[in-house]
Amino acid sequence: MKNKIKIDVQVSFIEEQSSAAVNQYTFAYTITIVNQGLVGAQLLTRHWRIQDETGHVEDVIGEGVIGQQPHLMPGESYQYSSGSVIKTATGTMKGAYGMVSDEGERFEAEIPEFILSEPYTLH
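According to full-length UniProt numbering, the sequence shown is numbered sequentially starting from 1.
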């Protein structure tokens, strides 16, 4: 496959920035993006869909990630960390990165859905 981007996510709960009393649950996540395709590609945009237990959905759309638009040659990877705050102890995130290949082809790299969860809240 010419354009193949693999995305891995690691999530951690930030207890010191969270408070059940004010319905604020803070999570940090580290994303690793790997170009497993045959041509170089650059990440131009991001679209996140964040949903909490109540069904509330927030769409976050913007350019790049953490102020950067990384370019990855085949076999290269890029890692960054960011965070999200939701109003319930668990939620989900998913989305896509808008990419453009070195051949000028635009494509989406899907970010698989992952769980935001305070430790020990899932049974």
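FYI, nobody ran anything at the bench for these hints, they're computed from the structure. As the structure is a prediction and not an experimental result, all values here were calculated from the model. Wrong hints could be hidden among the right ones.
Computed list of lysine-lysine pairs in DSBU-like fashion (alpha-carbon distance at most 35 Å, straight line) [said to hold, decoys possible]:
1. Lys-94 to Lys-4
2. Lys-87 to Lys-2
3. Lys-94 to Lys-6
4. Lys-87 to Lys-6
Now the hints, each set against the structure:
1. Lys-94 to Lys-4: holds (18 Å)
2. Lys-87 to Lys-2: violated (40 Å)
3. Lys-94 to Lys-6: The hint holds at about 14 Å.
4. Lys-87 to Lys-6: holds (29 Å)
Of the numbered hints stated above, the single one contradicted by the structure is hint 2.
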